[in-house]
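Colleague: Each chain is listed here by its residues.
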Amino acid sequence: AQRVTQPEKLLSVFKGAPVELKCNYSYSGSPELFWYVQYSRQRLQLLLRHISRESIKGFTADLNKGETSFHLKKPFAQEEDSAMYYCALRPPYNTDKLIFGTGTRLQVFP
Amino acid sequence: KAGVTQTPRYLIKTRGQQVTLSCSPISGHRSVSWYQQTPGQGLQFLFEYFSETQRNKGNFPGRFSGRQFSNSRSEMNVSTLELGDSALYLCASSPGRGQGEQYFGPGTRLTVT
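Those sequence lines, one after another, are chains A and B. The first sequence begins at 1 in our numbering and counts up one residue at a time. The second sequence begins at 111 in our numbering and counts up one residue at a time.
Just so you know, the hints here were simulated from the structure itself, not pulled from any lab data. Misleading hints may appear alongside valid ones.
A partial selection of chain A residues facing chain B, derived with a Cβ cut-off under 10 Å [to be verified]:
hint	residue
1	H50
2	D96
3	V108
Computed Cβ-Cβ distance ranges for the label pairs, DEER-style [to be verified]:
hint	chain 1	residue 1	chain 2	residue 2	range
4	B	E162	A	S30	28 to 36 Å
5	A	P110	B	K123	39 to 47 Å
6	A	P7	B	S189	31 to 39 Å
7	A	S30	B	Y120	21 to 29 Å
Quantities reported herein were computed from a predicted structural model and do not represent experimental measurements. Idealized CB from N, CA, C, for every residue including glycine.
So here's chain B without its partners, still in its complex pose:
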């Protein structure tokens, strides 16, 4: 089975712009979660999607949003980028919420200048 894939792997944006990151889960996995990883804050939960519905949201401003498609692929969007949004964004997939192991993707490295 192919693992979780994330595109793009690297991204450089300017403050004030917006960005969309994509995550393709393992085939058959229906749950996708997103995390932000920074040196200062570590790994922080962003969202959880299952059956095209956001089931959980972390403590992030409304500039951070996401969605899940019928094929379980997920995207997250950050609008009005700030310097502090520079981070590694990870997604993880699992067969179902609270079921089985979560598998992580390689991440998208976002740099905001």
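So here's chain A without its partners, still in its complex pose:
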């Protein structure tokens, strides 16, 4: 079965604390993994994709094929990071279809 699991609905931290948003996936093959973010009253937008291996807004995510995980991390959270974060999987064949996790709301308190 193709599935993306985000076990935490809500993650609350204080400014400056480290953040890790968990994502596990189930897919028989080599999918592409993404993190999308939705800030309040804004559109869903791409944050990271595993193939680019870059850091955006201080966030990084490493694909662990052995554990089928793609956790999102940031060493020092900022208040402006407060948003809804979705992990998503795209099958490796020629498609734009995304399978999303249920999302984690990150709240960063001052």
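Dock chain B against the given chain A, drawing on the hints supplied.
Modeller: This is chain B only, laid out in the frame that chain A set:
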């Protein structure tokens, strides 16, 4: 470049009616996908269109249909509306299937009463 636009932004319909939602992709983008977002089920894939052809369909009943025009604009239609169809419907566009980043529209909020 203008972003993905969706019309209308808000819609209220009665059970049993039908509805058509529209999506205009970013200029030059040829792939359009649709998603349903609800508090209970989250974001679920509806369809994917490329070159006026449906390439993929999610696990939704036949009441949900769509199409894509030669200018890449896309519409989705829901017939015989049910209360459970109340949701935010998002579309996303990309240059091509599996190519480049997908950009999402603001969504159409459908309420079925």
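Colleague: All hints, please: hold or fail.
Modeller: Now for the hints, and whether the structure bears them out:
no., hint, result
1, H50, "violated, 13 Å"
2, D96, "holds, 5 Å"
3, V108, "violated, 22 Å"
4, B/E162 / A/S30: 28 to 36 Å, "holds, 30 Å"
5, A/P110 / B/K123: 39 to 47 Å, "holds, 42 Å"
6, A/P7 / B/S189: 31 to 39 Å, "holds, 37 Å"
7, A/S30 / B/Y120: 21 to 29 Å, "violated, 40 Å"
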